[in-house]
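All chains, please: the whole structure from these sequences, using the hints.
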Amino acid sequence: MAMAEKHYFDPEDLKKFGQIGEWQKPMADKFFAWYGEVFKEGALTEREKALIALAVAHTVQCPYCIDAYTTTCLEKGADEEQMMEAVHVAAAIRAGSSLVFATQMMNHAKRITM
Amino acid sequence: MSIHPRTQTLARRQSPLSDTFYQLKVLNGYAVTDAKVPPFSETIRRAGYVDGILRPTRIEIFQVNVGKLCNQTCAHCHVDAGPDRKQENMTKETFDLCLAVLQRYDIPTVDITGGAPEMNPHFRWFVEQCRALGKHVMDRCNLTIITSHERYRDLPQFFAKHHVEVISSLPHYSARRTDGQRGEGVFEASIEALRMLNDVGYGHPDSQLKINLVYNPTGAFLPGNQEALEREFKTQLQRKYGIVFNRLYAITNMPISRFLEYLLESNQYESYMQTLLNAFNPAAVAGVMCRNTLSVSWDGYLYDCDFNQMLDLKVNASCVHIRDFDLSALEQRAIVLNQHCYGCTAGAGSSCGGQVV
Ligand code: SF4
Ligand code: SF4
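Taken in order, these protein sequences are the chains called A and B. All residue numbers for the first sequence refer to my numbering, where the first residue is 146 and numbers rise by one. All residue numbers for the second sequence refer to my numbering, where the first residue is 14 and numbers rise by one.
No wet-lab data here; the hints were simulated from the structure. Only a predicted model underlies this, so the values are computations on that prediction, with no experimental measurement involved. A few of these clues could be false.
Counterexamples of contact, computed for chain A against chain B with all Cβ distances above 12 Å [what the hints assert, rightly or not]:
(1) ASP158
(2) GLU167
(3) GLN169
(4) PHE177
(5) ALA195
(6) ALA200
(7) HIS203
(8) LEU219
(9) ALA223
(10) HIS233
(11) VAL234
(12) SER243
(13) VAL245
(14) ALA254
Not the full set, but computed from the structure, chain A residues with beta-carbon under 7 Å of chain B [unchecked claim]:
(15) GLU157
(16) GLU193
(17) ASP212
(18) THR215
(19) THR216
(20) LYS221
(21) GLY222
(22) GLU225
Think of the CB as a built atom: it goes at the ideal place given N, C-alpha and C, for glycine as much as any other residue.
Okay, here's the thing in structure tokens:
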């Protein structure tokens, strides 16, 4: 059985990303053009954008994106400290966004208790 | 402050890779791996270079590798330099032959490299002679040599007195990234040396004394945009250490010598070659440094570049040694190309002066 059939994620599949155009070219072309534009230096540097992408990759827990943006962050000159801080930002927002709902829990509990 | 190297030289460990012929076999898929990338000359032929031949423009830079002796043993070193390389160092006689050529021909720049070139006993004398001939002198200084011993601590003053342009490797403004490649303690010693250079006037925007830093990736990935990295380095080095410098040159790691060993041992050789090939930029070919540079080895042989020197690929011309130097023959030669050349043409290209496009 081929590797890809035993596992949901195969690093080799990342190289096939461009092939999504084979089944719907105009949309894929638009996506890749837009994607390229997004990551160009603008008000934010390429390094800052790569760090944001790395943080988001951890939030959506996409192994392809984590590998890809770890390399990109290093290429753009980020170091381990910056990369780990970016992941902490993602994690803190995740944790905070759970915890902030505790206010709803508290509101509701207060409503229904004496 | 002492430095603890990450590795020893290939020569000392008697690694098979210390044999240049063996390295060329690996690069061409005949040893260790059968991975093959298309021949570099074929790739440039398809990019419009007739018969896949690359010729020099004009020799403007005379690069002298004065020897393999170095106080550091960086993990990626393409020279396989280190403290044990005491045999391969340029003698006074060979320096004299270099000076004779420099006197005779209008080659404006002398680029001195090594090893740690300052460890060669004739280094200062050679710099003075080159300056007396009116040449622009560049020294590829690893920084830590300056703080390594009392006798080198006045190098910043010496450089300033002779208006030497200093080119120094600092792979990152983070200690972990730098030390991971160059050895424990290198970052701290480099910062101290940069301060000493700043103190004598190097790197200040209005100063004539130039210190340019060299960034190279600390692993198997390509360098990012040179200008963006320069801005980042300037901000961070100023903010954290109050250090200033002029330009940052982003250089790609060449798949030869100790970096080749790293690639093979970490199982990244094939993917790295593929990365270089995928990033092949036809526009970078015109700017590769072998077109305006000639490289001389410690024993006086002539090469197209320092990388060819380390692979023992001598110039393809009627003269291969400095004693027979013939400028017109050299300017008509075909440059000797091999698979490592993909390192010079990836992305924005790479040379001793950084990006080429
Ligand atoms: S890279 Fe430079 S400093 Fe490091 S070992 Fe080689 S010659 Fe020495
Ligand atoms: S490795 Fe040397 S010969 Fe090959 S392209 Fe680069 S500078 Fe030229």
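Now the hints, each set against the structure:
| no. | hint | in the structure |
| --- | --- | --- |
| 1 | ASP158 | holds, 15 Å |
| 2 | GLU167 | holds, 20 Å |
| 3 | GLN169 | holds, 25 Å |
| 4 | PHE177 | holds, 16 Å |
| 5 | ALA195 | violated, 9 Å |
| 6 | ALA200 | holds, 18 Å |
| 7 | HIS203 | holds, 20 Å |
| 8 | LEU219 | violated, 5 Å |
| 9 | ALA223 | violated, 9 Å |
| 10 | HIS233 | holds, 17 Å |
| 11 | VAL234 | holds, 19 Å |
| 12 | SER243 | holds, 32 Å |
| 13 | VAL245 | holds, 34 Å |
| 14 | ALA254 | holds, 47 Å |
| 15 | GLU157 | violated, 11 Å |
| 16 | GLU193 | violated, 10 Å |
| 17 | ASP212 | violated, 12 Å |
| 18 | THR215 | violated, 9 Å |
| 19 | THR216 | holds, 5 Å |
| 20 | LYS221 | holds, 4 Å |
| 21 | GLY222 | holds, 5 Å |
| 22 | GLU225 | holds, 6 Å |
Comparing the model with each numbered hint stated earlier shows that hints 5, 8, 9, 15, 16, 17, 18 do not hold.
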